[in-house]
Amino acid sequence: MERYGSRVYNLALRITGDRDAASDCAQEAFIRAYRALGSYDQSLPLRPWLLRIATNTSLNHVQRWHAHEHPVEELPERAEPEELNPEALALRREELGEVLAAMNALPPRYRAALMLRHLNELSYEEIAQALDLPLGTVKTHLHRARAALLGELEQRRERRGS
Amino acid sequence: MNDREKRDEAAFTELFHRLPLEPTPLGFREAVMKRIASTRARSWRWEWVAALIIAVPNLLFLLWTFSESGDDIALAVGGVTNALLGVEEWDASASVYVDGLMLVAIALVGLAALLATHALLAAERSRTLAA
Chain A
851 MERYGSRVYN LALRITGDRD AASDCAQEAF IRAYRALGSY DQSLPLRPWL LRIATNTSLN
911 HVQRWHAHEH PVEELPERAE PEELNPEALA LRREELGEVL AAMNALPPRY RAALMLRHLN
971 ELSYEEIAQA LDLPLGTVKT HLHRARAALL GELEQRRERR GS
Chain B
281 MNDREKRDEA AFTELFHRLP LEPTPLGFRE AVMKRIASTR ARSWRWEWVA ALIIAVPNLL
341 FLLWTFSESG DDIALAVGGV TNALLGVEEW DASASVYVDG LMLVAIALVG LAALLATHAL
401 LAAERSRTLA A
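Line order of the protein sequences matches chains A and B.
FYI, the numbering for the first sequence is 851 to 1012, going by the numbering used here.
FYI, the numbering for the second sequence is 281 to 411, going by the numbering used here.
Calculated directly from the structure, the hints in this document are not laboratory data.
Please read these numbers as outputs of a predicted model, since none were measured by experiment.
C-beta atoms are modelled at their ideal positions from N, C-alpha and C, and glycine is treated no differently.
Treat the hints with care, since some could be wrong.
[What the hints assert, rightly or not] If we take Cβ atoms under 7 Å as the criterion, some of the chain B residues that face chain A in the derived model are: (1) F292; (2) L301; (3) E302; (4) P305; (5) A311; (6) I316.
[To be verified] Cβ-Cβ distance ranges computed for the label pairs, FRET-style: (7) P895(A) <-> S349(B): 20 to 28 Å; (8) D283(B) <-> G1011(A): 26 to 34 Å; (9) L400(B) <-> H993(A): 47 to 55 Å; (10) R287(B) <-> R897(A): 23 to 31 Å.
Taking the hints into account, I'd like the entire structure generated from these sequences.
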């Protein structure tokens, strides 16, 4: 818990978007992990397993309490953003608060996929297991999530500019 | 994955690593440990209770049997031991009569011991892994 507490809590925080809920979900994740220790294969890495539990717990929480949110499948597919390159992202590094706010506008599954991939650096296969989705769907989710995040940032920038 | 996609991935990863990680709330660890401790106690309690329920009456039965026919049993065990050591001949005294009830009682005491051992090992394993 010392090693993964912060990771698990921050993953839950980004998925739920609420500190109290994140604390509950992270606690629940550790309890579930503890209960499932008997079935855990110790030859496998612990971190993806723990993050998978935390992801499921957080997504369940969001589904239970935010049923009005649009499921991922219903989202309109966004057009490919014009600037999806490191230079464009580098300009936004000073706007990390904006990034976090833009993240909250994304559907929970997109947020989960982005956090698992880019913060926790899980492989596509590990993310597929964590989200219980086929590998191809995970790649599509990540592609759309990145595009959606950039689109959301763009909209926020325009709103600020006007 | 082509070069552009790899570059995009790396850029997003770098961006996400710049996002501030929030520390866990105060008392988070204690809250988890408290819930784990209560879960742990609950899961082992039933094993201990089951072990006691099984062991106590059977141990009492075995004690009663030994108190009632302890002399006969001691005589028989002594006869068998002596026969094995070659001190005496194999004869009628060198035999132990064990009835079915006694066998069942011994088996049940063994089962209770297994349950108790499992509870102890599980407690130790969980302590190690949780740490």
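Q: Determine whether the Cβ-Cβ distance between D283(B) and G1011(A) falls within the hinted range of 26 to 34 Å.
A: For G1011(A) against D283(B), whose Cβ atoms are near 32 Å apart, the range 26 to 34 Å holds.
Q. If you take the shortest Cβ to Cβ gap from L301(B) to chain A, is it below 7 Å?
A. Cβ of L301(B) sits 5 Å from chain A, so the hint holds.
Q | Given hint I316(B) near chain A, where the shortest CB pair must fall under 7 Å | A | For I316(B), the interface hint holds, since the closest Cβ of chain A sits about 5 Å away, which is under 7 Å.
Q: Against chain A, run the beta carbon of P305(B) and see if the smallest gap drops under 7 Å.
A: 5 Å, holds
Q. Cβ-Cβ distance between L400(B) and H993(A): within 47 to 55 Å?
A. 51 Å, holds
**Q.** chain A contact restraint for A311(B) - C-beta distance below 7 Å
**A.** Holds - the Cβ of A311(B) comes within 7 Å of chain A, reaching about 6 Å at its closest.
Q) Within 20 to 28 Å or not, the Cβ separation of P895(A) and S349(B)? A) Violated: the Cβ-Cβ distance is about 60 Å, outside 20 to 28 Å.
Q: Classify the hint on F292(B) as holds or violated, based on whether any CB of chain A lies nearer than 7 Å to its CB.
A: 5 Å, holds
Q: Could you check the hint for me, namely that R287(B) and R897(A) are 23 to 31 Å apart, CB to CB?
A: Since R287(B) and R897(A) have Cβ atoms about 26 Å apart, the given range 23 to 31 Å holds.
Q. Minimum Cβ distance from E302(B) to chain A below 7 Å?
A. Where the cut-off is 7 Å and the nearest Cβ of chain A is about 6 Å from E302(B), the hint holds.
In summary, the one numbered hint that this structure violates is 7.
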